[in-house]
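Enquirer: Read off the chains here:
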Amino acid sequence: MTTASAPTPTLAMPRIHPGRILIWTALFIGGVIMVTPLIFMFSTSLKTAGQVYDLRMIPASPTLDNYVKVLSDGRFLRWFLNSTFIALAVTLSNVFFDSLVGYTLAKFRFRGRYFVFLAILSTLMIPTEMLVIPWYLMSAEFGWINTYWGIMFPGMMTAFGTFLMKQFFETVPDDFIEAARIDGLNEFTIWWRIAMPLVTPALSALAIFTFLGNWTAFFWPLIVTTSQELYTLPIGLSSFAVEQAIQWEMIMTGASLATLPTLLVFLLLQRYIVRGVMLAGLKG
Amino acid sequence: MATIALRNLVKSYGKTDVIHGINLDIADGEFVVFVGPSGCGKSTTLRMIAGLEEVSGGEILIGDQVVNELDPKRRNIAMVFQNYAIYPHMTVRQNIAFGLYTSPLSREQKDARVTEAATMLGLTPLLDRRPAALSGGQRQRVAIGRAMVRDPAAFLFDEPLSNLDAQLRAQMRIEIKRLHQRLGTTIVYVTHDQVEAMTMADRIVVMRDGHILQSGTPTEIYDAPANVFTAQFIGSPSMNLLPAAEVEGRIVAQAGGPLLAGLRPHDLVVGAEEGAFAISGEVTAVEPLGPETLVHFLTEGRTVIATAPARMIPAIGSTVQASAPRGALYLFDAASEKALGRR
Numbered sequence: 001m002t003t004a005s006a007p008t009p010t011l012a013m014p015r016i017h018p019g020r021i022l023i024w025t026a027l028f029i030g031g032v033i034m035v036t037p038l039i040f041m042f043s044t045s046l047k048t049a050g051q052v053y054d055l056r057m058i059p060a061s062p063t064l065d066n067y068v069k070v071l072s073d074g075r076f077l078r079w080f081l082n083s084t085f086i087a088l089a090v091t092l093s094n095v096f097f098d099s100l101v102g103y104t105l106a107k108f109r110f111r112g113r114y115f116v117f118l119a120i121l122s123t124l125m126i127p128t129e130m131l132v133i134p135w136y137l138m139s140a141e142f143g144w145i146n147t148y149w150g151i152m153f154p155g156m157m158t159a160f161g162t163f164l165m166k167q168f169f170e171t172v173p174d175d176f177i178e179a180a181r182i183d184g185l186n187e188f189t190i191w192w193r194i195a196m197p198l199v200t201p202a203l204s205a206l207a208i209f210t211f212l213g214n215w216t217a218f219f220w221p222l223i224v225t226t227s228q229e230l231y232t233l234p235i236g237l238s239s240f241a242v243e244q245a246i247q248w249e250m251i252m253t254g255a256s257l258a259t260l261p262t263l264l265v266f267l268l269l270q271r272y273i274v275r276g277v278m279l280a281g282l283k284g
Numbered sequence: 001m002a003t004i005a006l007r008n009l010v011k012s013y014g015k016t017d018v019i020h021g022i023n024l025d026i027a028d029g030e031f032v033v034f035v036g037p038s039g040c041g042k043s044t045t046l047r048m049i050a051g052l053e054e055v056s057g058g059e060i061l062i063g064d065q066v067v068n069e070l071d072p073k074r075r076n077i078a079m080v081f082q083n084y085a086i087y088p089h090m091t092v093r094q095n096i097a098f099g100l101y102t103s104p105l106s107r108e109q110k111d112a113r114v115t116e117a118a119t120m121l122g123l124t125p126l127l128d129r130r131p132a133a134l135s136g137g138q139r140q141r142v143a144i145g146r147a148m149v150r151d152p153a154a155f156l157f158d159e160p161l162s163n164l165d166a167q168l169r170a171q172m173r174i175e176i177k178r179l180h181q182r183l184g185t186t187i188v189y190v191t192h193d194q195v196e197a198m199t200m201a202d203r204i205v206v207m208r209d210g211h212i213l214q215s216g217t218p219t220e221i222y223d224a225p226a227n228v229f230t231a232q233f234i235g236s237p238s239m240n241l242l243p244a245a246e247v248e249g250r251i252v253a254q255a256g257g258p259l260l261a262g263l264r265p266h267d268l269v270v271g272a273e274e275g276a277f278a279i280s281g282e283v284t285a286v287e288p289l290g291p292e293t294l295v296h297f298l299t300e301g302r303t304v305i306a307t308a309p310a311r312m313i314p315a316i317g318s319t320v321q322a323s324a325p326r327g328a329l330y331l332f333d334a335a336s337e338k339a340l341g342r343r
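Note that the protein sequences, when read in sequence, are chains G and B. Counted the way UniProt numbering counts, the first sequence spans residues 1 to 284. Counted the way UniProt numbering counts, the second sequence spans residues 1 to 343.
Hints are computed from structural coordinates only; laboratory data are not their basis. Hints may be right or wrong, so weigh each one.
Only pairs whose alpha carbons sit at most 30 Å apart, straight line, appear in this in silico DSSO-like list of lysine-lysine [as the list claims (entries may be wrong)]:
#1 Lys110/B - Lys15/B
#2 Lys107/G - Lys73/B
#3 Lys107/G - Lys177/B
#4 Lys73/B - Lys110/B
#5 Lys177/B - Lys15/B
With the rest of the complex left out, here is chain G:
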């Protein structure tokens, strides 16, 4: 008599490709490199002046005193509001004008269309540093030095935003636009009611990039502002280092507070940011 033994069940281990391990390791190291300064910033904001050079990640005796001091300093609130106002105004302006111009270039056939597009695109080749002098001369000529408008005007419309929106509007089927034309809508209403809702991912990406870019802008606001009332957060925080002996714990507290809106924007709109990066890259 023979007995048949059932095959011993084996536990199948998922195979992990060595290439993946390398990629994960590289990503992990990259993540650590990027996050460490942020953790130090936050950690330092919880330290007293005497503990600043104690490089422990978790402070020996964490305190929120720095936050109380910074928030009770009226200047910080003012700079925070300045940054918020400027970033929001520039973002709204970009969302409106970049998409309007992008839509026109994508959906209307007119003489000189390519020339206009190339002219706009060519401004992407010019580094900001080269533009600062003409911007400054313009501002001086028109009396825009040390005004909100002076800080905002160079970014109110961008070539990148126009390009991004044009590429996106090209994916909107012409049938939608023509159907709306037959339904009796004028061109502005078609853009606003039909085309804009169809490019929400691109609009979100543009809004996020513009907001973050303006929130952290330093170079031009530093040049064009002369009074503390008009400082934006990055300029204000840097003045902490200049006007007194460097108070790292205060600077780090201000920086931590300044990071909150960007973190919030990122956490809420992470999906759009990733998509926006992909779109901007792929479409380009």
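Given chain G's structure and the hints, the job is docking chain B onto it.
Expert: Relative to chain G, chain B alone:
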């Protein structure tokens, strides 16, 4: 409702003419189908009627008014597009109501029209859905609903069923036809599908290379095609054509002959009693369709398609004889490709 007239209508892109001075009168309430292969100018003509393309020459009249310079919205027409063109960010109700966006009607009147159109098209349970949650046929109905609520003088359809599967297409054909019977509005419909043209049209307009080749009722076009192109384009499978000559009063197949002899596959029957015309050849393919079988065979170096009764499936390589009755032979001039009548 309104008549539509095209008078010497020309469309050019640069120096290239794509529509060559066509003339057509569409009666009030008529269902006219433009049919032709891709690039024949049928959609361009429709878009000129809609006002989406500029007219390069000639006139378009809707009613008694020349509309060449009128914006689309002032022509009082509605158009249904191939890709439906219903807005994905709006519900079915909003999409249908969008046809009345610029209408001076009161909100109550607009709501009543939307409800009426939705009821007529069977969309009432779907009114609060978004297009993404609809099937292709439902989306097309929404597009038709948006056109209907405007109560336009004419409907323009630009290949509206192209994106649907065969079964749904057949269903929508009937629905559009019924809708026309109920509303009685003038319809201009563009398709490249001759079955759609035959089943829906009051009148078919056959186009090729920017010219109207023939215009007539489906029966007229099928029974009396004016030229080789129309004869082959209308009818499925296509008409068989063989070079031929007339010898002593009889039409005989002859390579390089001055005539083209046309026989529709449904007139040419395998295994029928001897008819007025008979062809034989070697079977190269058979297509059993259920009610009948299509038999492909070679004769005079050309493939001819004939029909056979359902259960008769000839073997590949066998020789078959097919015959057609008197009156089934269409004759064309080989040089001009114009029709010469039937025998």
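Enquirer: Now look at each hint and say whether the structure bears it out.
Expert: Against the structure, the hints come out as follows:
1. Lys110/B - Lys15/B: Given pair Lys110/B, Lys15/B is violated - Cα atoms ~46 Å apart, limit 30 Å.
2. Lys107/G - Lys73/B: Given that 30 Å is the threshold and the Cα spacing comes to 19 Å, the pair holds.
3. Lys107/G - Lys177/B: Not OK: Lys107/G and Lys177/B at ~35 Å, beyond 30 Å, violated.
4. Lys73/B - Lys110/B: holds, 18 Å
5. Lys177/B - Lys15/B: violated, 39 Å
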